[in-house]
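Peer 1: Taking the hints into account, I'd like the entire structure generated from these sequences.
Chains B and F, in that order, are what the protein sequence lines are. Quick note: the first sequence, position 75, residue 75 per the numbering used here, numbers continuous. Quick note: the second sequence, position 245, residue 245 per the numbering used here, numbers continuous.
Because the hints were derived from the structure by calculation, they are not lab data. Nothing false has been slipped in among the hints.
In silico negatives: residues of chain B with every beta carbon more than 10 Å from chain F: (1) E28; (2) F66; (3) V109; (4) K131; (5) E220; (6) T259; (7) G302.
Keeping only pairs whose Cα atoms sit at most 30 Å apart, straight-line, the calculated DSBU-like set for lysine-lysine is: (8) B:K93 x F:K97; (9) B:K62 x F:K89; (10) F:K89 x B:K95.
It should be emphasised that the depicted structure is a prediction, and the values quoted were computed from it without experimental measurement. The beta-carbon is built from N, C-alpha and C at its ideal position, and this holds for glycine as well.
One-letter residues, chain by chain:
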Amino acid sequence: MKSAIVCEHVVKKYGSLTAVNDVSFSVEEGEIFGLVGPNGAGKTTLIEMIEGLRTPDGGSIKALGFDPGKQGDELREKIGVLLQTTSIQPDIKVKEALKLFASFYKHTVGDTEELLHTLSLEDKANSRFKKLSGGLKQRTAIALALVNDPTILFLDELTTGLDPQARRNMWDFVDKVRKEGKTVFLTTHYMEEAEKLCDRVAIMDYGQIIALDTPRGLIEQLGAESKIIFSIADSEMEAAGFESIKSVSRAEKSADGFTLFTKDENAALQGLVRLADKQGFRLTSIRTESPNLDDIFLTLTGREMRE
Amino acid sequence: MRGLWPFVLAELRLNLRNPAAVFWSLAFPTLWVSLFGALFSEPMPGFGYEGLNYANFLLPAGISIVILASAFIGMPIALTTYRETGVLKRLRVTPLKTSTLVLGFTLSQFLFIALGIVVLFLVSKIFFGVQVLGSWPALLGMIIFGMFTFLALGGAIGSVVGSWRAAAVITQIIFIPMMFLSDMFMPISIFPEWLQPICQALPLTPLNVILRDIVYGVPIDNLWQLAILGGWLVVGAVVTIVFFRWE
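Peer 2: Below, the structure written as structure tokens:
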């Protein structure tokens, strides 16, 4: 597969602050690539350097084979950009904005009506941008990003500030784009979102990429553990009693039951059931929690990824 | 130049949707000339230009007001608003070239100003029979020269200040006293002597004087004043280019 984006040792400094610190990675064609990290990690600085909005202080960037700094005009023909906060002329109507933006490109989707339909904006075609809700503004901004039928779509903070329903709509939309074979480069500070949408995820913290893999790969590579959470009836057991189960690394007692930590849910569950049989207690309200990217961030940095 | 005309037309349409722009550039100068034209319908004694009425006296000042309301007050507010809200940044990630953007912005301003002047002239012509005694091409040339100068000065202010509020306040703080000091309503000679050179150096003074000479059809013997206007054009353009920021 060809690389759509290649970054090598990219550095960006603002005064004494190094916003992006020696970052190297590549994004393959047709891939949904996620850049995840807390606010201020350098995600937006990085994505804006690839879009050609900012000039790196060091390293090199190639997007679709173009240097965004020197060949920005060629690159901009082929990319669609959703900025962190997109604003267009407040009094422009949605339909007018699409026509206007379409006029800037050599190659366009052709039918802007179709685009309105894709983003369920038909009803709002004649509404002024400033009158739209946050979710509708975001959809309009995406329609504008798609007007040139881009090869790479950049989505900076796709769902920040949107209500749960609007977020879900955005996720469905990314799925649609994936099926069209476009390359998508997105940033988010929701781990859940990255996990759900992305083929590969780069975790960024303090200007550096501290891990990069498929969501599954990250979880496995870092050995984050699944949890088995349950309570028991008809028996007095101490947490230590469960640590004898094969593959259980650790057991904790909480107010209403126990939590077992394991890298092999399957073996641990079997072991737990056998133990219940042998010791004659009954398992109640049992459930398992697989590790997610939030746990990965915690494992990597020792911090929770919260705003 | 791809996207130039769609951009010009979009901006022009947006100007027409902006109540403040419509009032100050399209309605106010016409209302002002009409109101005073109706109040002083007799030719003014001692006014000096035979056959010209008061509305005709005000016409060149009305033209100046249209130009300043758009180029010097409206444009910097639009520019800073676009910068503050990220419109410029969004346009920058499209293939629209900076030169096309600047030209498009200028052309849309020109068309809007032209519209304001046409409305002003037609209303004053129909109701007050105003005339342009000098050369029309000279009038058009002077309007364009004035527009470029004040677009450059407005652009300079819009580039230097951070917010649209600051741009609105600063342009109006400059505009209001400048109106009185620039030979628009009262001759500069009534001011104290130390103030008169400052009056002469204001960018609005040459615009007012030369527009009036053209409308009244008197020979223009003050072409040196064009150099003052040109000087301000250069200053405005240089400051704009040096200080312009996309975000």
